[in-house]
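> What follows is each chain in one-letter form.
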Amino acid sequence: MRIVVDKQLCTGCESCIESCPYDAIVMEDDKAFINEYCQLCRNCLSVCPEGAIKEIEDIYDREPPDVGEFRGVWVFAEQREGRLADVSLELLGVGRRLAETRSTDLTAVLFGATDREAQELIKWGADRVLHAEDPLFEYFNDDPYVHLLSRLIQEQKPEIVLAGATAIGRSFFPRVAARLRTGLTADCTGLEIDPETGNLLQIRPAFGGNIMATIVCPRHRPQMATVRPRVMKKGRYDETRKGEILKVPTDGLSSRTRVIQTVKEETGVSVNLQEVDVIVSGGRGVGGPEGFKMLQELASLLGGAVGASRAAVDEGWIPYSHQVGQTGKTVCPKLYIACGISGAVQHLVGMQSSDTIVAINKNPDAPIFNVADFGIIGDLKEIVPLLIKKLKELKGQ
Amino acid sequence: MRIIVCVKQVPDTAEVKINPETNTLIREGVSSIINPYDMHAIEAGLQLKEKKGGTVTVITMGPPQAEEALREAISMGVDEAVLLTDRAFAGADTLATSRTLAGAIRKLGFDIVICGKQAIDGDTAQVGPEVAEFLGIPHVAYVKKIEEITEEKIVLYRMMEEGYDVVEAPLPLLITVVKELNVPRLPSLKGKMRAKKAEIKRFTHKDIGIEEDRVGLRGSPTQVKNIFAPERKKERKILQGSPEEQVEWLIEELKKLKCI
Ligand SMILES: Cc1cc2nc3c(=O)[nH]c(=O)nc-3n(C[C@H](O)[C@H](O)[C@H](O)COP(=O)(O)OP(=O)(O)OC[C@H]3O[C@@H](n4cnc5c(N)ncnc54)[C@H](O)[C@@H]3O)c2cc1C
Ligand SMILES: Nc1ncnc2c1ncn2[C@@H]1O[C@H](COP(=O)(O)O)[C@@H](O)[C@H]1O
Numbered sequence: 007m008r009i010v011v012d013k014q015l016c017t018g019c020e021s022c023i024e025s026c027p028y029d030a031i032v033m034e035d036d037k038a039f040i041n042e043y044c045q046l047c048r049n050c051l052s053v054c055p056e057g058a059i060k061e062i063e064d065i066y067d068r069e070p071p072d073v074g075e076f077r078g079v080w081v082f083a084e085q086r087e088g089r090l091a092d093v094s095l096e097l098l099g100v101g102r103r104l105a106e107t108r109s110t111d112l113t114a115v116l117f118g119a120t121d122r123e124a125q126e127l128i129k130w131g132a133d134r135v136l137h138a139e140d141p142l143f144e145y146f147n148d149d150p151y152v153h154l155l156s157r158l159i160q161e162q163k164p165e166i167v168l169a170g171a172t173a174i175g176r177s178f179f180p181r182v183a184a185r186l187r188t189g190l191t192a193d194c195t196g197l198e199i200d201p202e203t204g205n206l207l208q209i210r211p212a213f214g215g216n217i218m219a220t221i222v223c224p225r226h227r228p229q230m231a232t233v234r235p236r237v238m239k240k241g242r243y244d245e246t247r248k249g250e251i252l253k254v255p256t257d258g259l260s261s262r263t264r265v266i267q268t269v270k271e272e273t274g275v276s277v278n279l280q281e282v283d284v285i286v287s288g289g290r291g292v293g294g295p296e297g298f299k300m301l302q303e304l305a306s307l308l309g310g311a312v313g314a315s316r317a318a319v320d321e322g323w324i325p326y327s328h329q330v331g332q333t334g335k336t337v338c339p340k341l342y343i344a345c346g347i348s349g350a351v352q353h354l355v356g357m358q359s360s361d362t363i364v365a366i367n368k369n370p371d372a373p374i375f376n377v378a379d380f381g382i383i384g385d386l387k388e389i390v391p392l393l394i395k396k397l398k399e400l401k402g403q
Numbered sequence: 360m361r362i363i364v365c366v367k368q369v370p371d372t373a374e375v376k377i378n379p380e381t382n383t384l385i386r387e388g389v390s391s392i393i394n395p396y397d398m399h400a401i402e403a404g405l406q407l408k409e410k411k412g413g414t415v416t417v418i419t420m421g422p423p424q425a426e427e428a429l430r431e432a433i434s435m436g437v438d439e440a441v442l443l444t445d446r447a448f449a450g451a452d453t454l455a456t457s458r459t460l461a462g463a464i465r466k467l468g469f470d471i472v473i474c475g476k477q478a479i480d481g482d483t484a485q486v487g488p489e490v491a492e493f494l495g496i497p498h499v500a501y502v503k504k505i506e507e508i509t510e511e512k513i514v515l516y517r518m519m520e521e522g523y524d525v526v527e528a529p530l531p532l533l534i535t536v537v538k539e540l541n542v543p544r545l546p547s548l549k550g551k552m553r554a555k556k557a558e559i560k561r562f563t564h565k566d567i568g569i570e571e572d573r574v575g576l577r578g579s580p581t582q583v584k585n586i587f588a589p590e591r592k593k594e595r596k597i598l599q600g601s602p603e604e605q606v607e608w609l610i611e612e613l614k615k616l617k618c619i
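Chains as they are written, first to last, in this note's numbering: chain A, 7 to 403; chain B, 360 to 619.
What the hints contain is simulated information worked out from the structure, not anything from laboratory work. Note that the structure is predicted; figures quoted are calculated from it, not measured. C-beta: ideal position from N, C-alpha, C; glycine also. Where hints are given, some of them may not hold.
Claimed, not checked - Per label pair, the in silico range of CB-to-CB distance:
(1) A:K395 with B:K551: 28 to 34 Å
(2) B:D438 with A:S306: 38 to 44 Å
(3) B:K410 with A:K270: 25 to 31 Å
(4) A:E296 with B:Q599: 46 to 52 Å
Claimed, not checked - For lysine-lysine, the following DSS-like pairs were computed, each having C-alpha atoms within a straight-line distance of at most 25 Å:
(5) B:K596 with B:K617
(6) A:K240 with B:K504
(7) A:K340 with B:K615
(8) A:K398 with B:K504
(9) A:K340 with B:K408
(10) A:K239 with B:K614
(11) B:K504 with B:K556
(12) A:K37 with A:K129
(13) B:K411 with B:K503
(14) A:K60 with B:K584
(15) A:K396 with B:K503
(16) A:K387 with B:K614
(17) A:K248 with A:K129
(18) A:K401 with B:K614
(19) A:K387 with B:K538
(20) A:K253 with A:K239
(21) B:K565 with B:K408
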């Protein structure tokens, strides 16, 4: 479909211009015109007093979708050095739900690792594992991953294929989608089945989290999506679950790139923000590296780790590995305490799905309070030491 | 060496605010910038040229006003700029965008194609790898260092979650770059003068030789079904009282929730 302005009806009142979040409506010769920024969000349809904005169907829209022969939900299970990525287990959680809604099977695809990991995938919810073993999978190279996954998809025609939005997933998965000439939606925060059409509704943030969009891929299969780590919850682990492990032939695989070496980088303090239950995060309001020592003390008392806004990282008060947000990590702890952070959208997208959010900020209008469950309007230099003191008392220290 | 850099003009998302009453974006006064990661891609292209000789061409697919972004790139020192603009390109998703960009790149000729890691508006990080697939060449994503480059091969550092991989790849190649790679230069005065006058090539779908129904919206498998404002938490409590009371209250609430 397309959205167009009926020039006959348009009076040039400009009331539609504001409604467009993409700035796609412009005035041309005193009439509204919808330009190439249009994302088909339909926001403008209802605002025209003259009914001049219309949705029209292209012939293309009526082509019968040849999607019926595609069945089954697949999850690409990522491993590095034989260890399964947590995000893959989270995907098995969503995948299970999607498969049940579509009354179909859940398949995990594993390249590398051993039978043990394949078994784990079944216990985490897969009905079936397609397991390929080959020395080429010892390190990550795009070519063999792309070739083999594309081949399996072409042979077996799954309806939905999911992968983690990790360095690996984000590198090779788009190539698979391009090879299959199908759509791919990045960084979904929600995946649902449309009860009417059976299509996958892929919900993701747009404009740095300012707006959420539902994306569909109605005429192409498979429907492909990536999900960031820690956005979805893992499914249930069932020690007794049984499933099928199928070995996949790896003939004809090769790689044009070659990993010479893998290097683990020492960041000084080990931070694994994506695995802790409590994060105490600081922003520009913390005022300097000294302030972060105080946050570290609070975090340690709560058994957590320290996070930061980009402003604090840019000031050089704390290393980048602690940054939370659009260009940092996405975290989802049980408790997130934001100290001296204003709550810019780029920060919020990285932490707003935390279970409980506490904000400490001296500005009552700071947007961080919009996502906080508990807000303290005050000076963190006073509040945090008090918190530390009370917590120590509680612990009898 | 023929170096192609893909850049995208994006709204400066740091400035994009939401109107709490209408739940739509307030875009007035929001400036357009070159996608920050693409600035590093341009710098990488210029440095490669300084080392190996050749030409740097920037390309963008976008509306006519995206020309500004190309002129900015010229002021930094790139040799040539191409604007892919055509009503038929409207509404393209990453697949249609990549097909279009790849068509133009093939026409221009290339040894290395450089993209930013991701665009800050769509944030998908898909276009780079998809362009490589359409071109039939290998790619390396998240490049943070170019260690060595000869006529046939290149050695790169690829950022991973826990460190980096040292990767050897043949040319021609596509890379996507992260900001750790370099510090983009500022435009020179001479560059600015040249940018004003420079001629910008324009391509439509006909110039690239791709049918109209394979670009833009019609060539896009994915569609935006609807958009909505992010959910807000229903309930929030601003704690009252003296700092001591607030802290005590907070601790009580957190105990109730079994957070501590
Ligand atoms: C493309 C892009 C990507 C980005 N990615 C990220 C990202 O990943 N993560 C991120 O965090 N940001 C990101 N940003 C930056 C983001 O837009 C904000 O600039 C940043 O989050 C602001 O950090 P801040 O809240 O610490 O600083 P500020 O906005 O300066 O806020 C400081 C806050 O501290 C409060 N304060 C000051 N002193 C005290 C005190 N003594 N006690 C209590 N409160 C006090 C102030 O009231 C204020 O609200 C990105 C921006 C762009 C353009
Ligand atoms: N319309 C476009 N024109 C030129 N390059 C683009 C365009 N869209 C994306 N790119 C390139 O692809 C990279 C990744 O973009 P994205 O997949 O949208 O996150 C960007 O950093 C650009 O280098």
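> A:K60 and B:K584 were given as a pair; does the straight-line alpha-carbon distance stay at or below 25 Å?
16 Å, holds
> For the pair supplied as a hint, A:K340 and B:K408, is the alpha-carbon distance within the 25 Å limit?
The hint is violated at about 50 Å.
> So if I understand the rule, the pair passes when the alpha-carbon distance is 25 Å or less; does A:K240 with B:K504 pass?
Outside the cut-off at roughly 35 Å; violated.
> Is B:K596 close enough to B:K617, meaning Cα to Cα at most 25 Å?
The hint holds at about 17 Å.
> Verify the proposed pairing of A:K253 with A:K239, using a straight-line Cα cut of 25 Å.
Violated, at about 28 Å.
> Holds or violated: the 28 to 34 Å window for the beta-carbon distance between A:K395 and B:K551?
58 Å, violated
> Is the straight-line distance between the alpha-carbon of A:K387 and that of B:K538 25 Å or less?
Given that 25 Å is the threshold and the Cα spacing comes to 33 Å, the pair is violated.
> For a C-alpha distance cap of 25 Å, please report whether B:K504 and B:K556 respect it.
Given that 25 Å is the threshold and the Cα spacing comes to 34 Å, the pair is violated.
> For the pair supplied as a hint, A:K387 and B:K614, is the alpha-carbon distance within the 25 Å limit?
Distance of about 23 Å is within 25 Å: holds.
> Are the Cα atoms of A:K340 and B:K615 separated by 25 Å or less?
13 Å, holds
> Taking 46 to 52 Å as the stated bounds, is the beta-carbon spacing between A:E296 and B:Q599 within them?
29 Å, violated
> Going straight from one Cα to the other, do A:K398 and B:K504 come out at no more than 25 Å?
Cα-Cα ~46 Å, so violated.
In the structure shown, a violation is registered for the earlier hints numbered 1, 2, 4, 6, 8, 9, 11, 12, 15, 19, 20, 21, in ascending order.
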